[in-house]
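Participant: Keeping their order, the protein sequence lines are chains A and B. So for the first sequence, my numbering puts the first residue at 1; every next one is plus one. So for the second sequence, my numbering puts the first residue at 1; every next one is plus one.
Think of the hints as simulated: they come from the structure by calculation, not from any bench. Incorrect hints may have been included.
Partial list, derived from the structure: chain B residues whose beta carbon lies under 7 Å from chain A [said to hold, decoys possible]: (1) Arg-6; (2) Trp-9; (3) Val-10; (4) Tyr-22; (5) Phe-25; (6) Thr-26.
By construction, the Cβ of each residue, glycine as well, lies at the ideal position given by its N, Cα and C atoms.
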Amino acid sequence: MKRFNYRHIICIVITLGFILCGIFIFPSALGRIIESGRDFGLSAAYFFCELFGIKHGIKPTVNTLPVIPLFPSQTPSPPKPSIPLPDTFDGFKGKFSAYWTLFVNSNNVLAYLAFMGNMLYTFCLILLFAVPAVVILRLAFSRYFNKTNNDYDRDSKPLRLYKKAAFYVFIPVKNFAVSLVNFIKEQRYYRMIWLLLWLFYFNAFTILSEFFAYYLYFVVSFDLGSLYLQVYKLFIDLSAVLTFVPPWAWVIIGLALFDRFRKNIAYMRLNHFERRNRGFINARPVVYMTCGTMGKKKTTAITDMALSQEVMLRDKAFEKLLENDLKFPYFPWIVFENELRQAMSLHKVYNLATCRKFVHILAEWNKVCRNLNTDSVKSVKRYIKRRYGIRVSFTALNCFGYDSERYGDTFDDGLKITSLWEVLETYAQLYFIYIVQSSLLLSNYSIREDNFISDLGNFPMWDSDFFCRDSRLIDSYSRHSHILDFDALRLGQKVLKNNRQSDSFEFGVIVITEVGKERGNKESLDGKRKTDKTVNQKNDGFNDWLKMVRHSATVDNFPFVKVITDEQRPESLGADARDLTDIVHIEDSGETRLAMPFFTLAELLYSLLFGKFTSLYYRYRFVRSDNTLFMYLFKAITAAIHGYYARIYNRFGYCVLRVQVESGTQDGRTRENKYYLMSKKIYSKRFSTDCFSDFFTEKALRSPIGIDDLREYATEKATFAELKRQNSHFIRDLTNKRKE
Amino acid sequence: MKTFKRILWVLLGAVILTVIGYFVFTAVKV
Numbered sequence: 001m002k003r004f005n006y007r008h009i010i011c012i013v014i015t016l017g018f019i020l021c022g023i024f025i026f027p028s029a030l031g032r033i034i035e036s037g038r039d040f041g042l043s044a045a046y047f048f049c050e051l052f053g054i055k056h057g058i059k060p061t062v063n064t065l066p067v068i069p070l071f072p073s074q075t076p077s078p079p080k081p082s083i084p085l086p087d088t089f090d091g092f093k094g095k096f097s098a099y100w101t102l103f104v105n106s107n108n109v110l111a112y113l114a115f116m117g118n119m120l121y122t123f124c125l126i127l128l129f130a131v132p133a134v135v136i137l138r139l140a141f142s143r144y145f146n147k148t149n150n151d152y153d154r155d156s157k158p159l160r161l162y163k164k165a166a167f168y169v170f171i172p173v174k175n176f177a178v179s180l181v182n183f184i185k186e187q188r189y190y191r192m193i194w195l196l197l198w199l200f201y202f203n204a205f206t207i208l209s210e211f212f213a214y215y216l217y218f219v220v221s222f223d224l225g226s227l228y229l230q231v232y233k234l235f236i237d238l239s240a241v242l243t244f245v246p247p248w249a250w251v252i253i254g255l256a257l258f259d260r261f262r263k264n265i266a267y268m269r270l271n272h273f274e275r276r277n278r279g280f281i282n283a284r285p286v287v288y289m290t291c292g293t294m295g296k297k298k299t300t301a302i303t304d305m306a307l308s309q310e311v312m313l314r315d316k317a318f319e320k321l322l323e324n325d326l327k328f329p330y331f332p333w334i335v336f337e338n339e340l341r342q343a344m345s346l347h348k349v350y351n352l353a354t355c356r357k358f359v360h361i362l363a364e365w366n367k368v369c370r371n372l373n374t375d376s377v378k379s380v381k382r383y384i385k386r387r388y389g390i391r392v393s394f395t396a397l398n399c400f401g402y403d404s405e406r407y408g409d410t411f412d413d414g415l416k417i418t419s420l421w422e423v424l425e426t427y428a429q430l431y432f433i434y435i436v437q438s439s440l441l442l443s444n445y446s447i448r449e450d451n452f453i454s455d456l457g458n459f460p461m462w463d464s465d466f467f468c469r470d471s472r473l474i475d476s477y478s479r480h481s482h483i484l485d486f487d488a489l490r491l492g493q494k495v496l497k498n499n500r501q502s503d504s505f506e507f508g509v510i511v512i513t514e515v516g517k518e519r520g521n522k523e524s525l526d527g528k529r530k531t532d533k534t535v536n537q538k539n540d541g542f543n544d545w546l547k548m549v550r551h552s553a554t555v556d557n558f559p560f561v562k563v564i565t566d567e568q569r570p571e572s573l574g575a576d577a578r579d580l581t582d583i584v585h586i587e588d589s590g591e592t593r594l595a596m597p598f599f600t601l602a603e604l605l606y607s608l609l610f611g612k613f614t615s616l617y618y619r620y621r622f623v624r625s626d627n628t629l630f631m632y633l634f635k636a637i638t639a640a641i642h643g644y645y646a647r648i649y650n651r652f653g654y655c656v657l658r659v660q661v662e663s664g665t666q667d668g669r670t671r672e673n674k675y676y677l678m679s680k681k682i683y684s685k686r687f688s689t690d691c692f693s694d695f696f697t698e699k700a701l702r703s704p705i706g707i708d709d710l711r712e713y714a715t716e717k718a719t720f721a722e723l724k725r726q727n728s729h730f731i732r733d734l735t736n737k738r739k740e
Numbered sequence: 001m002k003t004f005k006r007i008l009w010v011l012l013g014a015v016i017l018t019v020i021g022y023f024v025f026t027a028v029k030v
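Using the sequences and the accompanying hints, generate a full structural model.
Facilitator: Structure follows, in structure tokens:
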């Protein structure tokens, strides 16, 4: 049996409290909503009568001042809301000119300066008390350094008391509050009732109703003179919330809104940088190489480019799907898509070639079925299943239910005539590219991506955002790039004979880090020949594949492929392959900046606090190992602020790479550009900077000794025996020469 | 230099707030 949750009682008590609040604190809310209903009704009647020329004697009440209280009673009623606005426009004009007269009045300026002086005085008074407090705290803290101990992780008495108090008071209260908040989150009705009650108390519905009442009145009367009265009425209605919420709460609300505003600016800037990056990538050819010395963020840059390129390929497929859709606007595309998805789920359609084949089969058998009766079409269905292994529906053999006689089966784009089945072939390939749910990246190191597809069984939509992902959830929808099988990129000899993956690549983004080490150049391939029986870089046909890569990936005249590589020096890649590329030289990577504005004060306070904490903390750690209450709290506060600071920088930080683009022929002509690396996009577990470290780990595990076991030089001058221990070519040459 | 720049920004913010404060101060007095 389900137990009754006692939190319901708490929620009901809160609701009753809110209702009592309404009765005693907002008694005029009910009167105002009745008035606004009346205003709206009369305005609506006035509007329709005027619109249709019906004779009437309606006098809209939207321009009358609210009667507060609406229902006079014997009990003393609350005072009318006082707002700092005159109730007529003439009064407002008078106040307005008085404002500017006072604004330029020297006495007023002096009074303001005096006011500021008083504020400064108060501030100095606070400072007067704060400074000695800080000095006392410092003195108390310096006491810690007088005592040295090795009491590892032993809590001081005040800390033990604090932890006990926190355990018995703070933690139960916090747990209860969290459980109550979670309960309220689950119970939608309480939240809805509370929200509606407070919107009612704050006259939100009244304001909305009065707005429409005035709108309906204004559009037929064009009575501009009454506009000021509406502003006055609006302020009367707003006075409920303005006076109820205390100033400190307004400060918090203001700060929260300000924080939201600056974060929105940050997201806009990050998205702007992403669009600029995409423009940069689009301007590069199908194959390009990023170069730079170690630590210039080459691999980071190519990973970033690959992530953007993948999204761009899907976006392009989406764009072209619409283009093709509009060629036959009455075609039931969803039926065709479902047919294709079924074939995909049965693994009959798994690449672009099978997409084309699938549509060819359907086109061929549609022709056959055009003049057949239902039973014969069913026989054809069975035959197709037997012959091709494809399960097709009855509708698919009837042109998916498209009435080609009525709507036509050709499209004239002004250049040529395209038939329906040609468009279907293109559409199928684009849909396949769009709907592939695994990564479109094939790389020689792992790249994480978190694009996800939303599908309600109709047309699926991709969410490819890079900046708003919740870091706690990324593992639940992450996927990783495909393992790049280089045999799939070879047109000649392969490493594995009968490799079933060797013909698998058609489209996507190939990402190769350290491509020069994979492919080599003329020098490094010295001794290898085209005629060798074993596979090598000269006989594997990789360069031929590179030259023809766009042929397998072109759909609707667009190549859905990009090959992005990196290397330290462009010359490390042989000229035959290098000449096909653009070389993107990374000149330097700037320091991390923040896309979020108005963070200066927080940064200043943080750097002051953090600097102070670091020096105190490590002085403390040096002399003692026990835990004291002061250090415990100081560290907790600093850790919280540091966490906030780090999260802001990780979410909104970016750095600018200064890049030079040069043709692969290395003609010396370079173009300056910028590339933006946004922390949230590229450092969110995207790839491992030490992607080949496992090789070195295995190597290190084979070693029986570590750095502490290695010999040191005895003095500042190496002995001959010590030099010999280097096993260096240079020393060996010298030794050999001496022997000669 | 970075801290100096930050202090300058904070001072600029204080000046802007003072000017806005004068507008509000006058409005309250009318």
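Participant: Against each hint, give a clear statement of whether it holds in the structure.
Facilitator: Status of the hints after comparison with the structure:
Checking Arg-6(B) against chain A: minimum C-beta separation of about 5 Å stays under 7 Å; hint holds. For Trp-9(B), the shortest C-beta to C-beta distance to chain A is roughly 4 Å, which falls under 7 Å, so the interface hint holds. Hint on Val-10(B) holds. Least Cβ distance to chain A is approximately 5 Å, under the 7 Å limit. The interface hint given for Tyr-22(B) is met, as the beta carbon of that residue sits about 5 Å from the closest beta carbon of chain A, less than 7 Å.
Taking 7 Å as the C-beta contact cut-off toward chain A, the hint placing Phe-25(B) at the interface holds, the least distance being around 5 Å. Contact between Thr-26(B) and chain A, as hinted, is supported at the beta carbon level, the nearest pair being about 5 Å apart and thus within 7 Å.
The structure agrees with every numbered hint stated previously.
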